[in-house]
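Okay, here's what each chain looks like letter by letter:
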Amino acid sequence: MKRTLLMFIAPTALFLLSPLVLNPYWVDVLNNVGLYAILGLSLNLIVGHAGLFNLGHAAFYAVGAYTAAVLNTRFHVPVLWLLPLCALSSGIFAAVIARPIIHLRGDYLCIVTIGVGEIVRIALLNNVFGITGGVNGIVGIDRPSVFGIAIRNPHEFFYLIWGFAAITVFFFHRLENSRFGRALNYLREDEVAAEGSGINVAHYKLACFILGAAWAGMAGDIFAAKMTVISPESFSFWESVLMFTLIILGGSGSIPGVILGAFLITGLPEVFREFANARLLVFGAAMVVMMIFRTGGILPPRPRTYPDIDAPVGEGRP
Amino acid sequence: MEVFLQQLTNGLAVGSIYALIALGYTMVYGVLKLINFAHGDLFTIGSYLGLTLLTSLALTGRLGALAGILCLALMVMGLVALIGALLERTAYRPLRQSPRLSAVVSALGASIFLQNAVMLIYGARFQVYPHDILPKMPLDLFGLYIPLVKVLVLVAALVMMMALYLFIQKTKLGTAIRAAAIDQGAARLMGIDVDRVILIVFLIGPALGGVAGLMVGLLYGQINFTMGWVYGLKAFTAAILGGIGNIPGAMVGGILLGVIEALGAAYLSIAWKDAIAFCVLIGILIVRPTGLLGERVAEKV
Numbered sequence: 001m002k003r004t005l006l007m008f009i010a011p012t013a014l015f016l017l018s019p020l021v022l023n024p025y026w027v028d029v030l031n032n033v034g035l036y037a038i039l040g041l042s043l044n045l046i047v048g049h050a051g052l053f054n055l056g057h058a059a060f061y062a063v064g065a066y067t068a069a070v071l072n073t074r075f076h077v078p079v080l081w082l083l084p085l086c087a088l089s090s091g092i093f094a095a096v097i098a099r100p101i102i103h104l105r106g107d108y109l110c111i112v113t114i115g116v117g118e119i120v121r122i123a124l125l126n127n128v129f130g131i132t133g134g135v136n137g138i139v140g141i142d143r144p145s146v147f148g149i150a151i152r153n154p155h156e157f158f159y160l161i162w163g164f165a166a167i168t169v170f171f172f173h174r175l176e177n178s179r180f181g182r183a184l185n186y187l188r189e190d191e192v193a194a195e196g197s198g199i200n201v202a203h204y205k206l207a208c209f210i211l212g213a214a215w216a217g218m219a220g221d222i223f224a225a226k227m228t229v230i231s232p233e234s235f236s237f238w239e240s241v242l243m244f245t246l247i248i249l250g251g252s253g254s255i256p257g258v259i260l261g262a263f264l265i266t267g268l269p270e271v272f273r274e275f276a277n278a279r280l281l282v283f284g285a286a287m288v289v290m291m292i293f294r295t296g297g298i299l300p301p302r303p304r305t306y307p308d309i310d311a312p313v314g315e316g317r318p
Numbered sequence: 001m002e003v004f005l006q007q008l009t010n011g012l013a014v015g016s017i018y019a020l021i022a023l024g025y026t027m028v029y030g031v032l033k034l035i036n037f038a039h040g041d042l043f044t045i046g047s048y049l050g051l052t053l054l055t056s057l058a059l060t061g062r063l064g065a066l067a068g069i070l071c072l073a074l075m076v077m078g079l080v081a082l083i084g085a086l087l088e089r090t091a092y093r094p095l096r097q098s099p100r101l102s103a104v105v106s107a108l109g110a111s112i113f114l115q116n117a118v119m120l121i122y123g124a125r126f127q128v129y130p131h132d133i134l135p136k137m138p139l140d141l142f143g144l145y146i147p148l149v150k151v152l153v154l155v156a157a158l159v160m161m162m163a164l165y166l167f168i169q170k171t172k173l174g175t176a177i178r179a180a181a182i183d184q185g186a187a188r189l190m191g192i193d194v195d196r197v198i199l200i201v202f203l204i205g206p207a208l209g210g211v212a213g214l215m216v217g218l219l220y221g222q223i224n225f226t227m228g229w230v231y232g233l234k235a236f237t238a239a240i241l242g243g244i245g246n247i248p249g250a251m252v253g254g255i256l257l258g259v260i261e262a263l264g265a266a267y268l269s270i271a272w273k274d275a276i277a278f279c280v281l282i283g284i285l286i287v288r289p290t291g292l293l294g295e296r297v298a299e300k301v
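Chains as they are written, first to last, in the numbering used here: chain A, 1 to 318; chain B, 1 to 301.
Keep in mind that the hints were calculated from the coordinates and are not lab data. Mixed in with the good hints there might be a few duds.
Which bits of chain A does chain B cover? Going by a derived footprint, with three or more residues having C-beta under 8 Å, they are [stated by the list, open to error]:
#: 1; segment: 100-109
#: 2; segment: 114-126
#: 3; segment: 273-283
Even glycine gets a Cβ: it sits at the ideal position worked out from N, Cα and C.
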């Protein structure tokens, strides 16, 4: 037990100290990895745990980012105060969208979410309600500040983003092992059996969809604060595909898998700069190969373990 | 009125292209119950292969415009059908027994792979079809001028759809395809080689998709490596609109979607043109998931 704890703490400490030795460029790469990890974890709840194919996650990310951008540039609300509001707007948007389509079968849901993602992108491009700024997007979003300390350079953002990623990991880890998480896994494996055991399938599907979308909205807020400029091209279909691919490659339903996936998706193209054009080609081929030879991804989730039922009360039994 | 008729002919031309692509989706869905995400990219490949063959072989110069185009179309159909069959062997056959969602992910991966392969081979920029292939004389229909190429696209698409319909309804192989679509196990027991049926479906669908790509090149003159998934999504919408798994449904749905989109672009807003198809898709899945003439896709809540 002590050794596994050490094996966990040592790399984490090394990782947290890494900005001290890395140059700003590589710290920024790590920041992008962090953002994708947060997005991946939020989508993992929907795709990995509930088995709902969502290929329009960038839409919820966009709603969060634009909520932050509009409220910050017009009313000068500090960006970090907007986190709950971004979650709320993305969540409400997801609820409105998902309520009528959540009962669709897997691949149809996938197509509809692609459609939703595209509609949102086209709406942003067309300057919907006159507030999204069309093709140019919104400029001049404030930098965030924590307890009066303004966060400006990549090193400072590193701790903000990975701090939020740590909260995300903790939250989704707790959720995974809760009644809610078990219900999602159950309905992913067998919807009819889940329904028969008294799980309100539509309710759980909707709840996890909204929760994942709300979390993506918060990631959007952080993204807007980091870039200070956002435009529709940041929320294209390929963004959704990247989030989806990192889950499938890393291991759907597994938190370490998703984080590994985020490193692979954003980190590898940086390492192999000269092959940057071919990265999607490689990801596509990897998806096919992965499905044929290793359906669970690189780090599939460990099967759930339960305390021994036959053991007498008091020995590992709650 | 003239705007209306002009847009109607535009809609019919693009709709017949959607219908041709939609046939590929609907046939594969009918037999395998799989959305072949890579189908849109086979369409793109058809378009690019058409351009390459057109410029390198100069068929239209040697054989005359119509015979040249016909010959070109046959070559594109053959090549894309081959790629389709290859795709089925590598990406889908090993997953025949796996859960449906693994096959969907594999299809997505294949789509991403093909699209980027086209980008790496031909470059990311728009490619332009030579615009002097077909004579520029417009047909005069009751005072309405329609370019010859639009009429050709519509007629060719209708001929191919009729041929496919007769093939599916009247021949022995067509009967086998219908049988495999209804119940694979039972079809196997009746002595139908289901693997062969699937292979044939993956030859016909991509052939039609590939020739649709050629048509888009001739009609609009500009092609791009990402166009496959926009056309693919719209064609899939068309397939759902008509009722997925249903061959006449895909034809009706394609032409209907083309007309809705063209009229919407003319009377509502051209900037929202691409969103119209997706709104139709969401609307139809909410209101009538079976499509106009098709199978049930949604589960009860």
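Do the hints match the structure? See the list:
As drawn, the segment 100-109 of chain A meets chain B at 9 residues by the rule of a beta-carbon pair under 8 Å; at three or more, the given contact holds. For a cut-off of 8 Å, the count of residues in the segment 114-126 of chain A with a CB near a CB of chain B stands at 9, and the three-residue condition holds. With a cut-off of 8 Å between beta carbons, the segment 273-283 of chain A has 5 residues touching chain B; three or more are needed, and the interface restraint holds.
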